[in-house]
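Visitor: Each chain, written out:
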Amino acid sequence: MELKKVEGAALQQDDQGRPFSDLIGEFQPFAYYDKHLDCIRVHIHDCSAVEERQNRIFTVMRALHSNAEVTRDDFAGFNIKGVRYLFKEMSFGMLDKQACYKVAEILTAIVKHFPNQGVQEVSDKVQPILERCGLEVEIDFEPAVA
Amino acid sequence: MPGISTAQHIFKGLRRPLFNDNSKDGDKEKLIYTWRSDLDFEWERDPKNPKFGNCRRREAPQGFVFAVIVSPNIRSKGKFPGIDCFIEAWAWLREDPGLRGAPVEWVDRYEQRIWTRSD
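Chains as they are written, first to last, in the working numbering: chain A, 1 to 146; chain B, 1 to 119.
Calculated from the structure, these hints are not laboratory results. Fair warning: there could be bad hints in the mix.
[Unchecked claim] Straight-line Cα separation of at most 27 angstroms, BS3-like style, residue types lysine-lysine; simulated pairs:
| hint | chain 1 | residue 1 | chain 2 | residue 2 |
| --- | --- | --- | --- | --- |
| 1 | B | Lys-24 | A | Lys-35 |
| 2 | B | Lys-28 | A | Lys-88 |
| 3 | A | Lys-35 | B | Lys-48 |
| 4 | B | Lys-12 | A | Lys-97 |
| 5 | B | Lys-77 | A | Lys-35 |
| 6 | A | Lys-102 | A | Lys-35 |
| 7 | A | Lys-88 | B | Lys-24 |
| 8 | A | Lys-35 | B | Lys-79 |
| 9 | B | Lys-12 | A | Lys-88 |
| 10 | A | Lys-35 | B | Lys-12 |
| 11 | B | Lys-24 | A | Lys-97 |
| 12 | A | Lys-35 | A | Lys-88 |
Chain A on its own, in the form it takes in the complex (with noise of 0.2 angstroms):
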């Protein structure tokens, strides 16, 4: 999507001439695989966020700044790594075809595979979370190489 500039004002319209007001909502937690990274993204906050690396497999954000939604340090949503490999050394889920996953169930499954402290300690943080907002997430890995 290309965004004009209208002369004499902020950014207001893509190039179909839709209102940019129009295509941000209001912000509601979401999760995404991210295929260029290998992981899978939650955000529970729209904010900036500093990155805490936790173990191998997850990484938490945390607030960076307070604002009208976020105090400074607040869980603001984790990164699971690696996931291509994660999904095969736990036989979760499809290697080769696109399917959406409860992100909750990715992480009972990691728990189950990888029953350490530093793993635990991140689930009884973010399952709650996770069962009120009910995030899925779509993962289509690419192609392995023959």
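Let chain A serve as the given structure and place chain B on it in line with the hints.
Guide: This is chain B only, laid out in the frame that chain A set:
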């Protein structure tokens, strides 16, 4: 506004398995640019109408660095001949106490440091 061109370090390779761009060794190809930034920006929604808002300039807190992960264009040259690299992601990370402008545990995060700005 200065950004990635003010990078203080460039690292190569993520220390985690990464299947990417049809390569099982996607982790080894990534470049990571890091620097101390004075600035940050947040989208500030209008509380009365969340469809509207402003980009708010914030002062970056002390003790953090900005990191940008870049993928060299290796396998898409045919499709994008004029593109050298793709910016994949960016994040704030805590700063390493021993190396100004680098993220904490950079030795565990990245395979190697390939460039540092000489001040």
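Visitor: Each hint should be assessed against the structure and marked as holding or not.
Guide: Right, here's what the structure says about each hint:
no., hint, verdict
1, B:Lys-24 x A:Lys-35, "holds (13 angstroms)"
2, B:Lys-28 x A:Lys-88, "holds (20 angstroms)"
3, A:Lys-35 x B:Lys-48, "violated (36 angstroms)"
4, B:Lys-12 x A:Lys-97, "violated (31 angstroms)"
5, B:Lys-77 x A:Lys-35, "holds (19 angstroms)"
6, A:Lys-102 x A:Lys-35, "holds (17 angstroms)"
7, A:Lys-88 x B:Lys-24, "holds (13 angstroms)"
8, A:Lys-35 x B:Lys-79, "holds (18 angstroms)"
9, B:Lys-12 x A:Lys-88, "holds (26 angstroms)"
10, A:Lys-35 x B:Lys-12, "holds (19 angstroms)"
11, B:Lys-24 x A:Lys-97, "holds (18 angstroms)"
12, A:Lys-35 x A:Lys-88, "holds (16 angstroms)"
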